[in-house]
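Novice: Turn these sequences into a full structure, and let the hints guide you.
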Amino acid sequence: MPERLIVIGGGGAGTATATIAKRLNPDLKVTLFTEFPDIAYSPCGIPFVHGREIDNFESLFLSTVERYVEDGLDMRMETTVTDIDLDRGTVTARNTHEGFDKLAICTGWVWEKPDVPGSNLPGLHYVKDIRAAMEFDKQLDDMKRVVVFGGTPIGVEMAGNLAHRGLQVDFVDEGPWALSELLDPDVAEPVHESLTKRGVTLRFGTKVEAFLGDERVRAVATSEGELECDAVIVCLHKVPSAQLAEAAGVKVGTTGAIMVDERMRTSKPNVWAAGDVVEVPHGLSMLPIRGLTGSHAYAQGRVAAFNIAGQDLTYDPVWIPWGMVAGDYTIGGFSIGETLATAMGVPYVVAKGVGVSRARYYPGATRTHVKLLAEPDTRKLIGAQIHGGEGVKERADFLAFAAKRGATLDDLAWMENIYSPPIGALFEPIAIAAQNGLASLREKAAA
Amino acid sequence: MSELKRRLRERSEHYLLQDSMRRLGKDVPGTFKPYDGKDGWFWRRVFVPLYRRVPWTVKRRAMDTLQMTAKGWQPPPRKPGEPWKPPRRQ
Numbered sequence: 001m002p003e004r005l006i007v008i009g010g011g012g013a014g015t016a017t018a019t020i021a022k023r024l025n026p027d028l029k030v031t032l033f034t035e036f037p038d039i040a041y042s043p044c045g046i047p048f049v050h051g052r053e054i055d056n057f058e059s060l061f062l063s064t065v066e067r068y069v070e071d072g073l074d075m076r077m078e079t080t081v082t083d084i085d086l087d088r089g090t091v092t093a094r095n096t097h098e099g100f101d102k103l104a105i106c107t108g109w110v111w112e113k114p115d116v117p118g119s120n121l122p123g124l125h126y127v128k129d130i131r132a133a134m135e136f137d138k139q140l141d142d143m144k145r146v147v148v149f150g151g152t153p154i155g156v157e158m159a160g161n162l163a164h165r166g167l168q169v170d171f172v173d174e175g176p177w178a179l180s181e182l183l184d185p186d187v188a189e190p191v192h193e194s195l196t197k198r199g200v201t202l203r204f205g206t207k208v209e210a211f212l213g214d215e216r217v218r219a220v221a222t223s224e225g226e227l228e229c230d231a232v233i234v235c236l237h238k239v240p241s242a243q244l245a246e247a248a249g250v251k252v253g254t255t256g257a258i259m260v261d262e263r264m265r266t267s268k269p270n271v272w273a274a275g276d277v278v279e280v281p282h283g284l285s286m287l288p289i290r291g292l293t294g295s296h297a298y299a300q301g302r303v304a305a306f307n308i309a310g311q312d313l314t315y316d317p318v319w320i321p322w323g324m325v326a327g328d329y330t331i332g333g334f335s336i337g338e339t340l341a342t343a344m345g346v347p348y349v350v351a352k353g354v355g356v357s358r359a360r361y362y363p364g365a366t367r368t369h370v371k372l373l374a375e376p377d378t379r380k381l382i383g384a385q386i387h388g389g390e391g392v393k394e395r396a397d398f399l400a401f402a403a404k405r406g407a408t409l410d411d412l413a414w415m416e417n418i419y420s421p422p423i424g425a426l427f428e429p430i431a432i433a434a435q436n437g438l439a440s441l442r443e444k445a446a447a
Numbered sequence: 001m002s003e004l005k006r007r008l009r010e011r012s013e014h015y016l017l018q019d020s021m022r023r024l025g026k027d028v029p030g031t032f033k034p035y036d037g038k039d040g041w042f043w044r045r046v047f048v049p050l051y052r053r054v055p056w057t058v059k060r061r062a063m064d065t066l067q068m069t070a071k072g073w074q075p076p077p078r079k080p081g082e083p084w085k086p087p088r089r090q
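Going down the list, the protein sequences come from chains Z and W. The opening residue of the first sequence carries number 1 in the working numbering; numbering runs sequentially from there. The opening residue of the second sequence carries number 1 in the working numbering; numbering runs sequentially from there.
Hints listed in this document are in silico derivations from the structure and should not be mistaken for laboratory results. Where hints are given, some of them may not hold.
Listed next, the stretches of chain Z that the computed footprint assigns to chain W, with coverage defined by at least 3 CB atoms under 8 Å from CB atoms of chain W [said to hold, decoys possible]:
# : region
1 : 336 to 346
2 : 404 to 410
Capping the alpha-carbon separation at 27 Å, the derived lysine-lysine pairs in DSS-like fashion look like this [unchecked claim]:
#  : chain 1 : residue 1 : chain 2 : residue 2
3  : Z       : K113      : W       : K5
4  : W       : K26       : Z       : K207
5  : Z       : K113      : W       : K38
6  : Z       : K393      : Z       : K238
7  : W       : K71       : W       : K5
8  : Z       : K207      : W       : K38
9  : W       : K33       : Z       : K197
10 : W       : K5        : Z       : K268
11 : W       : K5        : Z       : K251
12 : Z       : K352      : W       : K33
13 : Z       : K251      : W       : K59
14 : Z       : K251      : W       : K71
15 : Z       : K352      : Z       : K393
16 : Z       : K444      : W       : K79
17 : W       : K33       : Z       : K113
18 : Z       : K207      : W       : K33
19 : Z       : K128      : Z       : K138
We put the CB at the ideal spot given by N, CA and C, even for glycine.
Specialist: And the structure:
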């Protein structure tokens, strides 16, 4: 009898685990359960369809259920797993039991719900499920004014895109600037400018106290007054969907997500987990963190699959390169910025520099601002924030990798770079920042 | 115990971040006055000032002792060897 693998969850981690495990071990009988009717689409693209940057939702689909079936997977669509019995090695779905030898829990996340009156009113929308997004998109045609609640990355994307579509947008968050839990205030400044230019009304430092309306939300009561609206897009924190695993006795950590080791093994034998439902350590502090990106979820699913298939693959602590479009700006970075470093109490020195993305004279050149954070004694890189036009993503990826390998400000100050007028300037902005940082350290030492 | 640790981490992170935002956002153009809730007296008045006084190395050790850091992980060494240095200035 072939070995049976059950994967719960059809997001990036679940599909990666199922397909890669099957590819590595074709004898494995792989069954994937998902509560949703669709699979293999990019939810991260939804704000850009609402903003009409992307023509239609269909473009967000990367594959089909049939394709997975052709690859030999047993696909259980719209089938919610309601129980896991690890002693018997079964899961329960639609009141029937399915046996497994190995289990992968990739149940993802749900949005944090606002804990204020009126939060169950129709008209509060959460960006996640593509079918709900398609319906919401039709309703948007008849709307004039929306409130985006939550200064998170998806909040910034939704605010910018809905304003781009011509809606009047109030962007509300308790924090003093956009993405305040992630971004430093000096980097937030151009983001604010860009969102404002698109017509977004920024209402930061503002608490949402209630959602008002009878049959549907018609306004949001805030600490600064009432905001009329046709809908509210709630973009608070991601919460891991770990209840099913926790109820089965799988250990959950300090973030509320499933604890895994570097092979994505949970606290229970023959049970793996990956994606937004797990916590993994930050490379700098080794503190577990969760709620990372789709590329992290996919890579974790891949590691789980290799180990499920009997191979040995480990996942490293993360340095989290990140980047996004905020209005007309691109921002990014990796690991921590000054805000997080100050909150954690991590000692750091700052190195800042500004360069250009192409030769100064070449059409389309944009300014690239780089801020590096390094350990004061070793000068090892521990974080960065970047903003500008092109090349932010590549720099963030590179810096995260460099930090993981222990690169110092000295290394970066003397890094080699491409000089080719259409794609790269003579002086690399990262090197400029590192050189400025070293000069400032020398001045301080001499003083 | 795990629920207590979860709560401890969530509350401490929230108030440490609020404090950090107040410090760093002060006088930066384009930022707003943070929402000033009256809750969390202990965290704002006792925990945050105390936490800020403790050196990072001690905090790190305390996190390890309290088993707040990840177990079962081997981070790759961050010791690439002696970094290349520019020629010595005359």
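Novice: Each hint needs a verdict: does it hold in this structure or not?
Specialist: Hints, verified against the model:
For the region 336 to 346 of chain Z, the stated coverage by chain W holds: 8 residues have a C-beta nearer than 8 Å to a C-beta of that chain, and at least 3 were required. Only residues whose C-beta sits within less than 8 Å of a C-beta in chain W count toward coverage, and the region 404 to 410 of chain Z has 6 of them, enough to reach three; the restraint holds. Among the hinted pairs, K113 (chain Z) with K5 (chain W) is consistent with the structure: their alpha-carbon atoms are about 22 Å apart, no more than 27 Å. Between K26 (chain W) and K207 (chain Z), the direct Cα distance comes to roughly 19 Å. Compliance with the 27 Å bound is thereby established for this hinted pair.
Distance hint between K113 (chain Z) and K38 (chain W) is fulfilled; the C-alpha atoms sit about 22 Å from each other, no more than 27 Å. Only pairs whose Cα atoms come within 27 Å are accepted, and K393 (chain Z) paired with K238 (chain Z) is accepted, the gap being roughly 23 Å. At roughly 15 Å between alpha-carbon atoms, K71 (chain W) and K5 (chain W) fall within 27 Å of each other, so this suggested pair holds. Taking the CA atoms of K207 (chain Z) and K38 (chain W), the gap is about 12 Å. The hint holds against a cut of 27 Å.
Between K33 (chain W) and K197 (chain Z) the alpha-carbon distance is near 21 Å, which keeps this suggested pair within the 27 Å criterion. Of the pairs offered as hints, the one joining K5 (chain W) and K268 (chain Z) holds, with about 21 Å between alpha carbons and a cut-off of 27 Å not exceeded. Proximity of K5 (chain W) to K251 (chain Z) is assessed by CA-CA distance (about 13 Å); at most 27 Å being required, the pair is judged to hold. With a C-alpha separation of about 26 Å, the suggested pair K352 (chain Z) and K33 (chain W) falls inside the 27 Å cut-off, and the hint holds.
In summary, the hint linking K251 (chain Z) to K59 (chain W) is supported, as the alpha carbons are separated by about 25 Å, within the 27 Å threshold. About 12 Å separates the Cα atoms of K251 (chain Z) and K71 (chain W), which keeps this hinted pair within 27 Å; it holds. For the suggested pair K352 (chain Z) and K393 (chain Z), the alpha carbons sit about 18 Å apart, so the restraint of at most 27 Å is met. For the hint linking K444 (chain Z) to K79 (chain W), the alpha-carbon distance of about 26 Å falls within 27 Å, and the restraint holds.
Proximity of K33 (chain W) to K113 (chain Z) is assessed by CA-CA distance (about 25 Å); at most 27 Å being required, the pair is judged to hold. Of the pairs offered as hints, the one joining K207 (chain Z) and K33 (chain W) holds, with about 12 Å between alpha carbons and a cut-off of 27 Å not exceeded. Taken as a hint, the K128 (chain Z) and K138 (chain Z) pair is honoured in the structure, with Cα atoms around 16 Å apart against an allowance of 27 Å.
Violation of the numbered hints given earlier is absent; every hint is satisfied by the structure.
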